[in-house]
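Asks: Here the protein sequences line up with chains B and X, keeping their order.
Positions in the first sequence are counted from 1; adding 230 to them yields my numbering.
Read in my numbering, the second sequence has 65 at position 67, and its numbers run on one by one without any break.
Wrong hints could be hidden among the right ones.
[What the hints assert, rightly or not] Below, computed lysine to any residue pairings styled on SDA-like, alpha-carbon distance capped at 25 Å:
hint: 1; chain 1: B; residue 1: Lys477; chain 2: X; residue 2: Val337
hint: 2; chain 1: X; residue 1: Lys323; chain 2: B; residue 2: Gly341
hint: 3; chain 1: X; residue 1: Lys153; chain 2: B; residue 2: Arg286
hint: 4; chain 1: X; residue 1: Lys153; chain 2: B; residue 2: Ser239
Source of the hints: derived by calculation from the structure; they are not laboratory data.
Keep in mind the model is a prediction, meaning the values are calculated, not measured.
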Amino acid sequence: MTQEARELSYAIAIREAMGLAMEADPTVFLMGEDVGVYGGAFQVSGDLIDRFGPERVIETPIAELGGAGLCVGAAMNGMKPIFEIQFSDFATLALDQIVNQAAKARFMLGGEVSVPLVVRMPAGSGTGAAAQHSQSLEAWFAHVPGLKVVQPSTPYEAKGMLLAALEDPDPVMVFEHKLLYKMVGEVPEGYYTVPLDKAKVVREGKDLTIVASSIMVHKALEAAEKLTEEGLDIEVIDLRIARPMDKQTIIESVKKTSRLMCVHEAVKTLGIGAEISAMICESEAFDYLDAPIVRLGGTENPIPYNPELEKASVPQVPGIIEAARDLAKGVR
Amino acid sequence: MARNGHAADKGEVAANVPFVFQHYSRDELLDVLYKMYVIRRFEEGAENSYMRGLIHGTMHLSIGQEAVATGAIMTLQENDQIMSNHRGHGHCVAFGADVNRMFAEFFGKVTGYCKGRGGSMHIADFKSGNLGANGIVGGGIPIAVGAAFAVKSKKEEKVVLCFFGDGANNEGAFHEAVNMAALWKLPIVFLCENNGYGLSVSVARASSVPNISDRAKGYGIPGVTVDGNCVSDVAEAVSEAVERARSGEGPSIVECKTYRHRGHSKSDRNRYRTKEEIDDWIKNRDPIDRFEMELKQHGFGSDEVFEELRQRASATIDGAIEFAKNSESPSIADVSQYVYTEQAQ
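Using the sequences and the accompanying hints, generate a full structural model.
Replies: Right, here's the structure in full:
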């Protein structure tokens, strides 16, 4: 198998992963609204319908609950479904099947069954689609034992994590940031997986640790680059997986830098940043902290339509720079 | 092969002979009666264990509905699958579940079907094709459709029989799932066990149509309503629907009108129905009394035969309760086991 890397977009990397999985395993299928001839609302499924036909790339009626349930039942009966929910906001319509059924089936039935279901969802703001098409709901799902919750931040991660999700025997929720679909990056050809239990240090530094997820990884990296001009050396960790969280990578980093900032797009209150902060306070890294932990997250409102208000509702690079500078220089 | 053995070859029969007496042997039908006894004794044993404080939590008893579970399941073949619901003990027994393991699950023991993690509402046995009960009304319906989708994808011959109650037909999940099953002609039978009430609210006060099977028109599939306290009527309707599903023509809705003698669950004080109504169903329309009478009429049984089967059912349930009592409880240290699939490192 060749592993030569090419430049691919995040969307095409996901499509490539689905194609590889469907070629390798006849039980894998893709199901969702408009995933057929239309190619998916964000053109992620693209030409898969031509390659695999309508029996494996299945357009559902507009029925998120029924579609999710169908995939849960198919997964229990030996198939490996990929269920695309057109916007992650619509996962709220399928919550019974995800939270009460898929997440709990194995436990409730005493290990009798696994539910190898992958749910793919475009998430996040930035497209002017307003409050019902722009949310970041990953923390909701990460609160449910039985689910795994992943947020790929690059084309490389998008392909490798999706293939890993398809190998996983348990339900995996994949939150794909819709502003990342066009992002281009190096993606190896052929089959590879990115493990679903490891965060990744994407930039090493000694003055401050930023743990970021999804698109915020790129904003944090941009902020870190800018702050080198001020002599700050910032470590950036791509959380990658909200559940199960890779605590050790974060603990080790905080022990080194003694300062922690969490950045995510989802609403700050009761978010994943809160979990990371609490986890650090409970760990041996607490004694290494030189300053209070800082969290940046979405403001306490639904995502507004107006573009300026929309931007103001989620962390942006200038805000990350300011908060990181203050934290690193001990202003806070 | 039918789950209860070979369909009997009886040659020419009179047109007024009920379906099951045309197609099943004496032994097969006595086995159906035996299962009805086991279901009833099971439910009575569960109720009694609850009252004596041996079982905690809640349970939904199907006393009075035995003809639906047995009449429907007797038409299935060996590899067919069922989806049950919260009032599912009868479905499990009719499908051949081990009552020892069922009672052990009630008692929360490791020998139970779910190793004590699921309790009354989550008994399943995937190996046998029992896809499990469900605590969410209507929650199992889309899952059953997914199971049927997998059957069709893998080009298997199986049929999925999906039980649901009259309450579930008003859930959105029902509509979404039945639409997709009809659209894609999936091998599934939707069996509505209409016992007249969704907890306290009668069908008349909850559904816009007099019969749940009327919903079938909206999906372009066959819908039929039968007397759910008549084993033969249930078996005849389900048999036809199963054949249709197996031959690739898609799903049907079979509505079986029945009645639960007990309340919805253990907390029910029966304020929404009269004593007269309940007594009428118990005294005049009991499905077991009726099947016994029919068996006698066709020369397939006698009071002595029935009594022997009743005794056997009681002994089986007594043994199951003893088995459950004497089984081990799960270790507290294992409380988080089975949340995720154990994977080789």
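Asks: All hints are to be evaluated individually against the structure, with a verdict given for each.
Replies: Each hint tested on the structure:
{"no.": "1", "hint": "Lys477(B) to Val337(X)", "verdict": "holds, 19 Å"}
{"no.": "2", "hint": "Lys323(X) to Gly341(B)", "verdict": "holds, 22 Å"}
{"no.": "3", "hint": "Lys153(X) to Arg286(B)", "verdict": "holds, 13 Å"}
{"no.": "4", "hint": "Lys153(X) to Ser239(B)", "verdict": "violated, 36 Å"}
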